[in-house]
Each structure stands twice: as structure tokens, then as C-alpha cells.
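Peer 1: With the hints as constraints, model all of the structure from the sequences given.
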Amino acid sequence: MSEQIKHEVIMIGAGPAALTAAIYTTREDIDTLLIEKGVVGGLAAVTDVIDNYPGFAKGVKGLDLADDLRQQAERFGTEIELAEVSELIKEDKLIRLKTTAGEMVADAVLIATGCDYKRTGIPGEEKYYARGVHFCATCDGAFYRDKRLVVIGGGNSAFQESIFLTRYANHIDILVRSQIKASDVLQKEMQPFIDQGKVSVHLGVTPLEIVGDENGVTAVNGTDANGNKVEFKTDGVFEFIGLKPNTSFLRESGVRLNEQGFVITDENLETSIEGVFAAGDVRSGATMQIASASGEGATAALKIREYLEGRLHNSELRQLEVNP
Amino acid sequence: MVKKITIFTSDTCGYCHMVKTYLKAKGMGYEEVNLDRVPERRAEAHRLSGALTVPVTVVTKTDDSQEIIVGYNLAKLAPAVN
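Line by line, the protein sequences give chains A and B. Numbered according to this note's numbering, the first sequence spans residues 251 to 574. Numbered according to this note's numbering, the second sequence spans residues 3 to 84.
Some hints here could point you the wrong way.
[To be verified] Simulated restraints on C-beta separations:
{"#": "1", "chain 1": "B", "residue 1": "Asn-84", "chain 2": "A", "residue 2": "Lys-438", "range": "46 to 52 angstroms"}
{"#": "2", "chain 1": "A", "residue 1": "Glu-341", "chain 2": "B", "residue 2": "Glu-42", "range": "34 to 40 angstroms"}
{"#": "3", "chain 1": "A", "residue 1": "Glu-278", "chain 2": "B", "residue 2": "Glu-42", "range": "50 to 56 angstroms"}
Since the hints were made in silico from the structure, they are not lab data. A quick note: this is a predicted structure, and the numbers were derived from the prediction, not measured. Where is the CB? At the ideal position from N, CA and C, for every residue including glycine.
Peer 2: Here it is in C-alpha cells:
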């Protein structure tokens, strides 16, 4: 029988929440493995500049912050496995994970899988994926030097990524289904580009279709606030319409999720399964801020330590499960 | 057997960073073509991949056949380089 890989703590994800938690656990010699299926640093690593993370007076490049967090965690002994978790199973005192790198068990698990961008699902999105429809401005923006772009979305990501894309595009139409939800700070940063005519913001526009030809995307068709048909000629489309939690692997696990699929935790950041914790953007109630994710990571690490030492009190969440 | 690996990247692309991290962890060498520094090769990346994105990883085998991996896709990258 092959030897089973066991760790005291396995953290699923390697974004700011998990990397911060790992700094705390490994500094206390708690054997910790992180499993990441995407980018170490999470969405922070594919964000151009982060202006609101404390300690960086001039802001910090997302990729640099991610790299520094990784190096700091690895300095204390954190291991990062590049793999994907497909299942989480609670077994008596242990938690078993099925992953693309094999099965692993742990005394405690932290779910810190974060979120990915939602997709509109409109016709043409799939057909032109990576050939005119994109979800990562820092990866794909440079292909649109001196071209026209459409950005779909009106939140912080849509505005921040649009500001990044102004480096390349000669004009950007931002299509906002209802009202702008981006912060006042980002709206102020955007204003000069609007004043220069480089960016136009269209409120009340519902995109219905992305159309193109053999060379790629040519337009986005939709309706305006009055239901009239509108067309936006473009060479490419970037979608930033909100976030969805990466929790599909928890479907059969018994971990309680809310209606949107975010993980429900108690005040200890423990889920409905004993020994399984959650932190960061994937957690129900998360504020989707890197600083908050790091803070939750630190909290989760301390609670995990209490759990491993048998000092964590019984979860109210689980008591509710037993006595609904 | 792998003869050569070429990665088309950009300065700001986190997924490009991950491809390089993965190959370094495997002890595999690669040539990096950073399209922010050599934008004239952007069309080559597009022609090879059919996509307007980075990373694009071109794995050339000893028989000179090529495998093109678009994006950071471990399910395709791992078998292509192993």
C-alpha cells in the first residue's frame, strides 16, 4: 500500500488569505501545504496595481505583492503544490482531499479558493473566447494597441481594468447594465480618460450578443435603458461583471454554502464541518478586499492552531445543524 | 522527448509567471519571448495559438512536432512537458 501524504494543515488556494494564514502556521512549525490550481496570489496577482493594501505608500504591483507573499510564506517552510482539488471528504478526525496530485489527508483544512470572474453567457462569448473575448486585462490588453474595446461591467474591477486598458486601446466603451458600483476613488481616476474622450460610460445597456467574423470580434449588440437596440463596434471585449466563488468541488462535501455558493462560517471562520475553515473572498460575508483576505487568513490560522490543540469551542453552526 | 520550450509572455501577466514557475520547479529550461519588449513577435504568438492572449507555450519535441498550450493550463502543460 502506498504511503499516504498527510499534513497537519492543507490550505486550498494560494491567494492572499491562504498565503497569510500559511505565514502564521508555518512560523509556529505547523506543517502546512497549499494547493493552487491557478495563479499563486489569486486575482491579486493578475491585478495591475493595488493601491489600497496597507504598507505600500505608492501602491504595489499585484504580481509583486503575490510574489512577496509567496516568498514570505516559503521562508517559514510553506509548501505549494500546483494541483486541483476535486473533492473534500470528512473522515472521523481527518479530512481527505482528492486532488490531481493524488489523495492527501490533513488534520485541518482551510478553504481559501477565492473567486473567479462571472461570465455573461451571451452568444459569441464562448465562440470568441481568447480571440476577442477576455477576462484578464493584464494578460491580454497588449494585443489591443490602438484598437477599440468594449468593457462589460460597472464595478471596481471593470473600472480598474479599464484604466489599465487605456494604456493600449484608443477608445473604450464601458457598458453598465444598471448603475456604476465602482468606488468614488476609481471613478475619479477614470474621469480624466472620460474628459479626454478615450473612455465612454454607457449606463443602462444590456449586452445581448458578441458578433464577429473570421478575424475576430467586430461588435457588441444589446439594448439601452429604453429597450432600443444598440451596437458598439469593437475589436475586443473584456468582461468584469462580478465574482463567483470557486466552490464547485465542495458540492458533495457537506460544507454549507449560501445561495450564491459562498462558504458559510461561524465566528471562528469554521465551516459546518469540524476542522474545515474558510477565509477570504470565498467566504460568505467577505468584503472582497485583499487587506480583508489577509486579515481573515491570519484569524483562520490562529483558530486552526486552537483547533489542533483541542482548544476551539464547539461551533454554533454545527449545533444548529444538529438541532435546527 | 522535449527539445525546446518557448513561452510568449508579457510584463504584467500573472499566468505567464505561473508557467515559468511550473517549468522551473520541474527543472526545465525555456526561452521566454516577452511581447512587451518584442512586440513585433505578437503576430507570431497569434499565428501559432490562434488566440490573442498570453501565455502561449510552444513545446517542440525531438521529432520537431509542436504542442501549443494557450493560457496556464496544467492539465495540458504537464503531459506536454513530461
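Peer 1: Please go over all the hints and tell whether each is borne out by the structure.
Peer 2: Structure-based check of all given hints:
1. B/Asn-84 <-> A/Lys-438: 46 to 52 angstroms: Roughly 50 angstroms apart at Cβ, these two residues keep to the hinted range, so it holds.
2. A/Glu-341 <-> B/Glu-42: 34 to 40 angstroms: 56 angstroms, violated
3. A/Glu-278 <-> B/Glu-42: 50 to 56 angstroms: 52 angstroms, holds
In this structure, only the earlier hint numbered 2 is contradicted, and the remaining ones agree with it.
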